[in-house]
Amino acid sequence: MIKVLVFIFIAELWNAAGHVCFTKGTNNLALEPLRSFNGAAAFFGKVIRQKMIWAGILALTIGLVVWIMALSNGELSYVYPIGSFQYVMIMIAARMFLNEKIDWMKLLGTLLVVAGIIVIAVS
Amino acid sequence: MKKSSLTLKVFLLIVANDVCDAVAQGLWKQGTLNSGISDISLGNVTQFLSLNAASLYIWLGVIIYALNFFIWVLILSRVELSVAMPVGSTTYIMIPFIAMFFFGEHISMMRWFGIALIILGILAVSRSKPHHGVPERGAA
Numbered sequence: 147m148i149k150v151l152v153f154i155f156i157a158e159l160w161n162a163a164g165h166v167c168f169t170k171g172t173n174n175l176a177l178e179p180l181r182s183f184n185g186a187a188a189f190f191g192k193v194i195r196q197k198m199i200w201a202g203i204l205a206l207t208i209g210l211v212v213w214i215m216a217l218s219n220g221e222l223s224y225v226y227p228i229g230s231f232q233y234v235m236i237m238i239a240a241r242m243f244l245n246e247k248i249d250w251m252k253l254l255g256t257l258l259v260v261a262g263i264i265v266i267a268v269s
Numbered sequence: 052m053k054k055s056s057l058t059l060k061v062f063l064l065i066v067a068n069d070v071c072d073a074v075a076q077g078l079w080k081q082g083t084l085n086s087g088i089s090d091i092s093l094g095n096v097t098q099f100l101s102l103n104a105a106s107l108y109i110w111l112g113v114i115i116y117a118l119n120f121f122i123w124v125l126i127l128s129r130v131e132l133s134v135a136m137p138v139g140s141t142t143y144i145m146i147p148f149i150a151m152f153f154f155g156e157h158i159s160m161m162r163w164f165g166i167a168l169i170i171l172g173i174l175a176v177s178r179s180k181p182h183h184g185v186p187e188r189g190a191a
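Protein chains in written order, with this note's numbering: chain U, 147 to 269; chain P, 52 to 191.
With the rest of the complex left out, here is chain U (with noise of 0.2 Å):
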């Protein structure tokens, strides 16, 4: 029980890991041309550009690979609702790396995710 949440969380920090190089990879670019197709195709040829989207893909990869390990190792309802636990990763990575700010609301939903995964975790 234990190795599958260990697999779990290696998974989600790689995934959290990738989605703060996303955010620094695209923060500067605007997502609006994407309403028409040679828009988003200049959009995605300047994504493909930056280092950072390159650095996320790695993480992602790396991170679907344990995620992989993880469905392989528990039952499907049991490993993806605990996989929920990216939102506060991610939460507190954006607070880490991208200056973001974290509210009320945000520590409510995130303290309400983690109690979800306890119940899940424990029956």
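Take the hints with a grain of salt, since some may be wrong.
Said to hold, decoys possible - Listed below are the simulated DSS-like cross-link pairs for lysine-lysine, each with C-alpha atoms no more than 30 Å apart in a straight line: (1) U/K170 with U/K197; (2) P/K60 with U/K170; (3) U/K170 with U/K192; (4) U/K192 with U/K247; (5) U/K192 with P/K60; (6) U/K247 with U/K170.
What the hints assert, rightly or not - Restraint ranges, calculated between C-beta atoms of paired labels, are given here: (7) P/S159 with U/F190: 39 to 47 Å; (8) P/F148 with U/F155: 24 to 32 Å; (9) P/S159 with U/L204: 34 to 42 Å; (10) U/A261 with P/L118: 27 to 35 Å.
Treat the hints as calculated values from the structure; they're not laboratory data.
Note that beta-carbon positions come from the ideal geometry of N, C-alpha and C, so glycine has one too.
Starting from the known structure of chain U, fit chain P onto it as the hints suggest.
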């Protein structure tokens, strides 16, 4: 400007995104079941990785997951993350049903209760407003 309310088109995009996520998870679970390894250790991890790297189910899941990334970016170009995220949490409702029907898993009342708490938590997180000039972006 990005909308703070849902249109039917964006709603359907988000539901499509959730269905794809749930299907990918199901394919991965089936792929790992086919490998026959349900307890990974140092002794069988290389065997596990090579069996799954050769699995059609795993790669089909990866392709759907990659396509889903583009759908998610498309959604975030049309509505704010705080609008997209609550609808995105319907995957947490779909997964237990997939687990029951396709993998014969038993979902206890406690597990349903835990899932309900998680969905409430995601709703609360998405209710909070972004605080700085940079638009919020987040997880798919």
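Practice task
Below or equal to 30 Å on CA atoms is what counts here, so check U/K192 against U/K247.
Solution key: holds, 28 Å
Problem - Holds or violated: U/K247 to U/K170, with C-alpha atoms at most 30 Å apart - result: holds, 16 Å
Practice task
Starting from the range 34 to 42 Å, see whether the pair P/S159 and U/L204 falls in it by beta-carbon distance.
Solution key: Because 38 Å falls inside the window, the suggested range holds.
Problem - Satisfaction of hint between U/K192 and U/K170, Cα-Cα up to 30 Å - result: Since the Cα atoms of U/K170 and U/K192 sit roughly 14 Å apart, the hinted pair holds (cutoff 30 Å).
Problem - Outcome of range test on Cβ distance (U/A261, P/L118; 27 to 35 Å) - result: Cβ of U/A261 to Cβ of P/L118: about 33 Å, so the range 27 to 35 Å holds.
Practice task
Starting from the range 39 to 47 Å, see whether the pair P/S159 and U/F190 falls in it by beta-carbon distance.
Solution key: With Cβ atoms ~44 Å apart, the hint holds.
Handout entry: Range agreement (Cβ of U/F155 with Cβ of P/F148, hint 24 to 32 Å)
Key = holds, 26 Å
Exercise for the section: Take the C-alpha atoms of P/K60 and U/K170, compute the straight-line distance between them, and say whether it is at most 30 Å. Expected result: holds, 29 Å
Handout entry: Holds or violated: U/K192 to P/K60, with C-alpha atoms at most 30 Å apart
Key = Answer holds: U/K192 to P/K60 is near 26 Å, not above 30 Å.
Problem - Pairwise hint evaluation, U/K197 against U/K170, where the allowed Cα distance is 30 Å at most - result: holds, 10 Å
Hint compliance for this structure: no hint is broken.
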